[in-house]
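Working from the sequences, and respecting the hints, build out all of it.
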Amino acid sequence: MHLVIGGAYQGKLEYAKEKFNIKDEDVFTCTESGDLPQGSKCLYRLELFTLSCVRRGIDPCGAFSDIGAWSGCVIICEDIFCGVVPLDPLAREWREATGRLLNKLSPEACSVTRIFCGIPQKLK
Amino acid sequence: MTVFISGGCKNGKSTYALHAAKAICGGGSLFYAATMIPHDDEDLRRIERHVREREGWGFSTIEKGFDICEIAALTGYRATILLDSVTALLSNEMFREGDFFPDAGAKVISDLKALCGGVRNIVLVSDYIYSNAETFDEMTGCYMRSLAAADREAAKLSDTVIELCSGNVILHKGKLPA
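Protein sequence lines, in the order shown, are assigned to chains L and H.
If you read the first sequence in the numbering used here, its first letter stands for residue 889, the second for the next number, and so on.
If you read the second sequence in the numbering used here, its first letter stands for residue 1452, the second for the next number, and so on.
No lab work stands behind these hints: they were computed from the structure.
These numbers were taken from a predicted model, which means no experiment stands behind them.
Note that CB positions come from ideal geometry on N, CA and C, so glycine has one too.
A hint or two may mislead.
[Unchecked claim] A few chain L residues that don't get close to chain H, going by computed Cβ distances all over 12 Å: (1) His890; (2) Tyr897; (3) Arg944; (4) Gly945.
[As the list claims (entries may be wrong)] Some chain H residues well away from chain L (every beta-carbon gap over 10 Å; in silico): (5) Ser1457; (6) Asp1491; (7) Leu1495; (8) Arg1500; (9) Lys1515; (10) Asp1518; (11) Glu1521; (12) Lys1558; (13) Ile1580; (14) Ser1582; (15) Asn1583; (16) Ser1617; (17) Val1620; (18) His1623.
[Unchecked claim] Quick look at which bits of chain L chain H covers, simulated, 3 or more residues with Cβ under 8 Å: (19) 903 to 916; (20) 975 to 984.
Following this line, the structure appears as structure tokens:
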């Protein structure tokens, strides 16, 4: 598993597609209401999956309990962690649930890359 | 040499940018391209603080809130320019005279390219505003997307890309200005 993180509009997907040779049809873009397809090569906008989970009262970590099933996957998630604590309780829960999930995925990942203004920064 | 500096608010970008511009000017003329157009007392106080910080550094100030591509004609090719900031520049261009220009990002990118090609040395300062857990209205979203596109283009055309974090330097590309 490879993790690609970074702020909004930083070029995360563009980087992942080029670096890991991912085609458009291999990219699963998460939505605010929906589950994850097992065996996906690339999960994009993981933060929307976590948002859907929080809205449904589900822990998003559950989808990754069989971590081995995601070993070949490139997971892309937006960094939503550096702003002011949101006033909306759901947004607070979303931020925390996403953070907890990334903390669970990071140790399992072969690589963790942060994208800053289109430039990769290797964190792991 | 082109240097791009970004990072969160109050992390030392402007002060570092002064050092960077001084370091790369090679004794040539230094210009400070001030992009902020003051709208209230808070803006005026911020500008005053920046003017005080620049005292004694040898910068000539060019106030240019729009159309920065015209700056090179004022300074000549051999100058070193510090442009602070891309953030204010985009805001001026996008919300010019109270209107909304959604394509302002493309103009800012084109102007930045022209300016960077027109002077020997330039230091560009921007702001990293992209790590929020918040859904923004369409205008703010457009502004963020456009600033990110300008930042990425600036990073691409820069020899050096630096992020400032609590006054500490994270080098993302190239060599530190020395």
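Hints versus structure:
Its beta-carbon lying about 19 Å from the closest one in chain H, His890/L satisfies the requirement of being farther than 12 Å from that chain. A cut-off of 12 Å between C-beta atoms contradicts the statement that Tyr897/L is not in contact with chain H; the least separation is 3 Å. Distance check for Arg944/L against chain H: the nearest CB is about 18 Å away, which clears 12 Å, and the non-interface claim stands. The non-interface label for Gly945/L is consistent with chain H: the shortest C-beta to C-beta separation is roughly 18 Å, beyond 12 Å.
With a minimum CB-CB distance of about 6 Å to chain L, Ser1457/H fails to clear the 10 Å threshold, and the non-interface call is violated. With a closest Cβ-Cβ approach of about 22 Å to chain L, Asp1491/H is found to remain outside the 10 Å limit, as its non-interface label requires. Leu1495/H, annotated as away from the interface, keeps every beta carbon of chain L farther than 10 Å; the closest lies near 25 Å. At roughly 23 Å, the least C-beta separation between Arg1500/H and chain L is larger than 10 Å, which holds for a residue marked as non-interface.
For Lys1515/H, the condition that its CB be more than 10 Å from all CB atoms of chain L holds, with the nearest at approximately 23 Å. No Cβ of chain L comes within 10 Å of the Cβ of Asp1518/H; the nearest lies about 24 Å off, and the non-interface call holds. The claim that Glu1521/H lies off the interface holds: its Cβ sits roughly 25 Å from the closest Cβ of chain L, which is beyond the 10 Å cut-off. Distance to chain L confirms Lys1558/H as a non-interface residue, since its nearest Cβ pair spans about 18 Å, more than 10 Å.
Its closest Cβ contact with chain L, about 8 Å, brings Ile1580/H to no more than 10 Å, contrary to its assignment away from the interface. Not every CB of chain L lies more than 10 Å from the CB of Ser1582/H, the least distance being 4 Å, so the non-interface label is violated. The beta carbon of Asn1583/H sits about 4 Å from the closest Cβ of chain L, which is not more than 10 Å, so the claim that it is off the interface is violated. Taking the minimum C-beta to C-beta distance to chain L, about 13 Å, the non-interface status of Ser1617/H holds against the 10 Å cut.
Distance to chain L confirms Val1620/H as a non-interface residue, since its nearest Cβ pair spans about 13 Å, more than 10 Å. Not every C-beta of chain L lies more than 10 Å from that of His1623/H, the closest at about 5 Å, which undercuts listing it as non-interface. With 0 residues carrying a beta carbon less than 8 Å from a beta carbon of chain H, the stretch 903 to 916 of chain L misses the three-residue requirement, and the given coverage is violated. Residues of the stretch 975 to 984 of chain L with a Cβ under 8 Å from some Cβ of chain H number 4, which satisfies the need for three, so the listed coverage holds.
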